[in-house]
Amino acid sequence: MASATSGGAAGSGDLSDDVVAGQAAYNRWVLAAYDIGVLGISNSFVWRCPTKRLRRLYDDHVSARHLDIGVGTGYYLDKARWPTSSPAVTLVDLNQNSLRTASARISRLAPLTAVRNALEPVGTLPGAPFDSVGVNYLLHCMPGSLDVKAEKLLAAIRPTMGPRAVLFGSTILADAAKLSAPARKLLGFYNQKGIFHNTEDQVGALDRALEAVFATHRVEIIGGVATFVASEPRPLDVS
1 MASATSGGAA
11 GSGDLSDDVV
21 AGQAAYNRWV
31 LAAYDIGVLG
41 ISNSFVWRCP
51 TKRLRRLYDD
61 HVSARHLDIG
71 VGTGYYLDKA
81 RWPTSSPAVT
91 LVDLNQNSLR
101 TASARISRLA
111 PLTAVRNALE
121 PVGTLPGAPF
131 DSVGVNYLLH
141 CMPGSLDVKA
151 EKLLAAIRPT
161 MGPRAVLFGS
171 TILADAAKLS
181 APARKLLGFY
191 NQKGIFHNTE
201 DQVGALDRAL
211 EAVFATHRVE
221 IIGGVATFVA
231 SEPRPLDVS
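Start counting the sequence shown at 1; every next residue gets the next number (the UniProt record's numbering).
Keep in mind the hints are simulated off the structure, nothing from the lab. This one's a predicted model, so the numbers in the text were calculated from it and none came from an experiment. Beta carbons are placed, not taken as given, at the ideal position from N, Cα and C, and that holds for glycine. Do not rely on the hints blindly, as some may be mistaken.
To be verified - Each computed DSSO-like pair below joins lysine-lysine, with the alpha-carbon atoms no more than 30 Å apart:
{"no.": "1", "residue 1": "K193", "residue 2": "K52"}
{"no.": "2", "residue 1": "K152", "residue 2": "K185"}
{"no.": "3", "residue 1": "K178", "residue 2": "K152"}
{"no.": "4", "residue 1": "K52", "residue 2": "K79"}
Unchecked claim - Simulated restraints, written as ranges between beta carbons of each label pair:
{"no.": "5", "residue 1": "T124", "residue 2": "G188", "range": "15 to 23 Å"}
{"no.": "6", "residue 1": "S44", "residue 2": "W82", "range": "35 to 43 Å"}
{"no.": "7", "residue 1": "P83", "residue 2": "R184", "range": "38 to 46 Å"}
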């Protein structure tokens, strides 16, 4: 496998039970079925945000120096239209099953990997600084209110971003008006099992968090999913 794992696991110690539960479900059996179950069925028929809409985020915004956090199976990275034939790609996840699966899938890109809890400072990452950062279907797996977890995530990764970096991604919301009855039931089940932590997640919290860190951002609601793109990161507070 053409990948390398950075030494240490900054930000991954003393994990809360909720943090562990949010990523623990992604064992090799779940990952083997993920593309069919989530990308093929749930996105279109439950969350009503077709996978092709999320692929478009990657096609439009990946750069030659890309960081992906919460990597899943590596599907989007595998299918992305990269601006160069040899992009520098770094994968970050708390779940080593996901890192292994995604790394193997895009081994042709020789990705670097790092085990991190993205709710805490991620420290030095191989390949930084990055010109694009993807955080797809990550926030709804993180514990806490969306205001707090989005703020923590952005604070953790902002130091790794270059001055013209673009952040993009998506998250499933709990807006009942946007969810069908089956979607509400599945969302409730996932929250009960600790896989999701998004029963109170609303778009306003995401909008506020992005505005605090980026000069430009947009959020689009597609079915029960919020997609977002943010650019022109504000200067870091070094005081």
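How the hints compare with the structure:
no., hint, in the structure
1, K193 - K52, "holds, 28 Å"
2, K152 - K185, "holds, 28 Å"
3, K178 - K152, "holds, 26 Å"
4, K52 - K79, "holds, 10 Å"
5, T124 - G188: 15 to 23 Å, "violated, 39 Å"
6, S44 - W82: 35 to 43 Å, "violated, 25 Å"
7, P83 - R184: 38 to 46 Å, "holds, 39 Å"
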